Every structure is written in C-alpha cells, then in structure tokens.
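Peer 1: Between the sequences and the hints, there should be enough to build the whole structure, so can you do that?
Quick mapping for you: the protein sequence lines, in order, are chains A and B. Numbered by the numbering used here, the letters in the first sequence go through residues 1457 to 1730 in order. Numbered by the numbering used here, the letters in the second sequence go through residues 3 to 355 in order.
Derived by calculation from the structure, the hints in this document are not laboratory data. Hints should not be assumed to be uniformly reliable.
Calculated cross-link-like contacts (lysine to any residue; reagent style SDA-like; alpha-carbon spacing at most 20 Å) [unchecked claim]: (1) B:Lys-20 - A:Val-1677; (2) A:Lys-1693 - A:His-1461; (3) B:Lys-20 - A:Lys-1693; (4) A:Lys-1693 - A:Val-1677; (5) B:Lys-20 - A:Gln-1570.
Here are a few chain B residues that sit away from chain A, every Cβ distance over 12 Å (derived from the structure) [said to hold, decoys possible]: (6) Ala-219; (7) Gly-323; (8) Gly-334.
Note that the coordinates shown come from a computational prediction; the quantities given were computed from them, not determined experimentally. Beta carbons: idealized from backbone N, C-alpha and C, even for Gly.
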Amino acid sequence: MSVHHQLSAADLTLGYGDRTIVDKLSLAIPPGKFTVIVGANACGKSTLLRGLARLLPPSAGTVYLDGRAIHQMPTREVATLLGVLPQTPVAPDGITVADLVGRGRYPHQGWFRQWVAADDAAVAAALQATDTLDLAGRAVDELSGGQRQRVWIAMALAQETELLLLDEPTTFLDINHQVEVLDLLTDLVQQRGRTVVAVLHDLNLACRYADHIVAMREGKVAASGAPAEVVTAELVKSVFGMDAEVCDDPVSHSPMIVPVGRHRVKPRLKAAAE
Amino acid sequence: MSATQSFAPVGAVVAVRKRLQRRYGLVVLGLAVLSLAVASLAMSIGDYPLPLGDVITSLLSPFTGNADAANDFIVLGVRLPRVMAGLLSGAAFGLSGIIFQTILRNPLASPDIVGITTGASAAAVLAIIIFKWSGLGVSFMACGGAVLTALLIYGLAWRNGVTPYRLVLIGIGMAALAGAVVSYLFTRARIMEVQEALSWLTGSLNGATFENLTPLAIALLVLVPLAALLSRSLRTLQMGDDAATALGTRVEFSRLGLILVAVLLAAFATAAVGPVSFVAFIAGPIARRLLGPSSNALLPAALVGGLVTNAADFVAQHMLGRNQLPVGVVTGALGAIFLIYLLAAAHRSGRGG
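Peer 2: Printed below as a string of structure tokens:
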C-alpha cells in the first residue's frame, strides 16, 4: 500500500440521547501503526471507536478521513478504505463461514459487479490469515466462541481496507488465541502497512502489541504515545483507580502492569500502598 | 495480493460456494416443478374433471383458436384465475414475510403477526360493515389499512432510528388494537354483514377473476424488481446495524425501502384474496430449512408461498369431504401447528426467536 490514509478526530463529542460519553476529544491515529485504546469500563473507548468508524454520528466535532468529514462521505466509499469489526455483530442463522466472510466483499461489489475470482481470493486469504480455512464449509452457529471471533475478524479482513478498526477483538478468546489475533494484526501492520486501531481489555497485551496507546478516562484522552513512554503507575492509578507496579515485560521489554490489591500482597508493598 | 495465493485455499472457498449454489438451484427447480404439478392437478380435478391434455388445449386456445366453449370456460374463466390468485398472492405473502423476518431478525415478525394484515382486515371490515362497500372498494380499503398500520408502527417505533425489537413489540400491540377494532365493528353490524366480513377475513380464492387480480399483478411487476435490488443490502442488514454500516450500507434508507416493499406486497395480496393466514409466516422458515446453510431465500420463499397457498386450496376444495372450505382455514391450521413447532424448537435451542 503506497499512500497512507489519515484518520483523526477534532473536538469530537459523542453520546446517546442527552448523555455525553466522549467529550470534545481530539486525536490523530498514526498511519501504518498499531494503535490500542484502553481504559476502564464505561470510559467511552468503544463509543470513541464507533465514532471514528462513523457508526455513531457526532453530537459535535468532526471525524476526518483524509481531511474529509467522514460522516459526509458516501458510506460505501468509506467502506472501501476503512473496515470495522463491531462489538456484537449478528451471524444470520445457519450461515456458513465462507458465506459470512464473503459478505466482507460487499463494498467492492455492486448491482452490476457481482462475485468475481478476486472475491474468492480475498475470502481465502482472510480465512488463511485467521487460521479458519478448515471451517469454510461449517455453519457459524456450530463454532466455539474463539473460532467465531476469528471468523468475524476474517470478514473484516476480506474487506481489504487499509484502515481496520476492531472493538475488543480478543473477547471470548483463550489466551493463546488472544496472542494469535494480536500477532495477526501486527503482521497486517508490519508486512502490509495497514493501520490498525483496536479497543483492548488486557493492559499487558495492549502494552506489548501497541505501537501507540491511547488511555481514556471519563470520555477524554488521559495519555497517548508509545507504551514505554506513557504507561506508568501514576497513569494506571488515574485511569483505572488501582494501585499497580509497572515493571519490564521479560518477553518484549514493554511495560508490564502488576496490580496491587488488598490481599496477597507482600508486607513491604502493602505498607507503601497504604 | 491474490497473486501470492496458492490455488488450494481458493479452491476450498470456491467449493463451498459452488455447493451452496447447487443446492439453491435444486431447491428452486424442485419448488417450481411442485408448483406446476399442484397447478396442473387443480386445473384438471373438480366437479367437472378434465384430462391434462384438454387443460393444455384450453390454455393454448387463445393462441391456436381451438376453442371448446365449455372446457375453455372452466379452465380459463374459473380454474386458471384461481390458480393464478393462489400463486401470486402466495408469492407476495411469502416474499413480504421473509423480508420482514430477515430485517427484524425474528422468525415471528411476519406481517400477519406484527399487525400489517390485521390493519388491512380492520379497514376492510370497516368498508363492508359501515360503508356497505364490496369488491374493489374493499380491496382498496384493505390496502390503505395495511399501509396506514405500517406507517403508525414505524412512527411509534422511531426514536433516532428504528430498532427491530421495538418494531416487533409495537407491531404486536397494533395487531391487538386492529383486532379490537374488528371485534367492535362486529358488535355494530347486522348478521348478514358479519357473514360477508367473516368470509373476507378468512381469506379465500373463491370467485377470483383476472380483473380483481390485476392490481396485485401490477404491484408484483413493480415490487419484485425493487425487492431484488434491495436484497443486496438485506444481506448486510442481517448482521446488525453496525456491521451493515461498516460494510457501506445506508441502513435507514435500505431498511425503510425494504419495509415499504414488504408492506405493499402484503397489502396488495391481502386486498386481492383477504388475509390468508400464516402464509407469510411459514414461507420464509420453510424456504430456509430447504436451503440449509444459505441465506438468500427471497425467491425460494416466494415459490414456497405460492405452492403452500395452492396446495392448501386444493386440500380445502377436494380433500375435506363435501364442504368446500376457504383456503385460509387450511393455511391457518397448518400455520398454527408450525408456530408451535417453531416456538418449541427455538426454546430448545435456547434462541427464543
């Protein structure tokens, strides 16, 4: 991919009804990088992702895709540049894996441009990348949670967009599959030059895989930057309201957060925490 | 990127797609053959039995000029319009039902359950009992009633967009309300009018003529191509609003268009033959079951609708003793059993519809 597409938000305010969730937030997604959004429950991280993906119209402010207001662009055109895996997509009853992943080709098709060989190739590549090729003929309802999640990711991949936004792509997955999915997303960034934005729950995996981390608190950006530069015990305290030690991840040398609770804590740390 | 792909994975994907296409083709072909078989039976069996050869001769008589007044009257004047009424109204009900069920992601959400056909009925009964109308006037009212009910449901369900769940609940409420209107009108009516209204309410192919089928036929000519155009977005709407938007579907526009098409289909079918119960409700699920793991079931559902209506009419006319019943009695009984089965099956699999 040659020219990178730019995604940014300016004074973005998002909410449902009268309730404001994301408040005058501005940020720029670094192109060609893996950006991870973290934060406590209800801090607005999923809402922000939905806003960036034009799934939720802003109550104020603007999301820009290549300098154009994304909500004013034809949604079909956006869909060829930006793919989204929403949090709770619905698999139609009885649909097969290949059929579901094939729906990712929708924005590339039209009434006059039906299914072609390139579509089969894109579906096969997406299935192969997510290690779900063996499941191609199976019904999605019969799969395990982990398999299903990988199939949904395959659908977003089949869309073949340079920007890919994923809302908690690792929920329902065992730790090994979580790592596989994050490795896969990293491959997309490093080998194919894609821009990936994901909301993640697991702070340590976020710190390990993110090129750029965005920590959110109460609808605002509390900190953003490379994990090694911004993730500190103070930040964890302010974002999650929890004491923690931050040490060196022995595998990746990224910051590793070790929570400090009320129990099972060595006396020295306990005294320090109190 | 496709250049770097080896052949094998693409082959696996193509194989799955081909398998689904083959099954789709077989199902459509099978339904078409069955429909033709039932239509042939219906045109040759009756109080005035005709061998199939004579039926075909009569059907072709406008082109060949080989006229036989008695046969031609039975075939072209009575049985063909009846079969066409069953096919067209069944197809319209089936198509309408599957569009509703797919869009609202709920097998219970067919137009006869969310109040569209009940709304049509209330308007028709109003026309029969209060305005003393009959014929096309009643059909016109039924059509208007269906559209008005749909608009009310959509308006009441609207809150920054429409969620399927709210549409279904408000629809069920509207069905109850329209049912109450029908009951109230009955208390105001004379027994003769009640009888006429009741026979309309059951839904019947009796007395079908080409004249009173014309509006439905024209509606189908317009609405079927529209449904075909919109069926592309139906495939993404099935996956939820967020996923549909993510894939580039204009969600509110497509949903409103599809609902409009489905409402008009149900409205014109109801206007032509009355609210033949449960055809819209069962056609989609039967088509889906035949197709197995596939999802573009619009055409098969339309075929199932036509087939079920004509088969039920055949049963009602010839297989239930001396009394010829209206088709709605048979589809109603069939549909009720199917509803119980569907609820039980959904309950067992924990999906609850």
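Peer 1: Hint by hint, note whether the structure agrees.
Peer 2: Outcome of the hint check:
1. B:Lys-20 - A:Val-1677: violated, 49 Å
2. A:Lys-1693 - A:His-1461: violated, 34 Å
3. B:Lys-20 - A:Lys-1693: Measuring from Cα to Cα gives roughly 56 Å; hence the hint is violated.
4. A:Lys-1693 - A:Val-1677: Holds, at roughly 15 Å.
5. B:Lys-20 - A:Gln-1570: With a Cα-Cα distance of about 15 Å, the restraint between Lys-20 (chain B) and Gln-1570 (chain A) holds, given a limit of 20 Å.
6. Ala-219: holds, 25 Å
7. Gly-323: The claim holds: Gly-323 (chain B) sits with its nearest Cβ about 39 Å from chain A, beyond 12 Å.
8. Gly-334: holds, 26 Å
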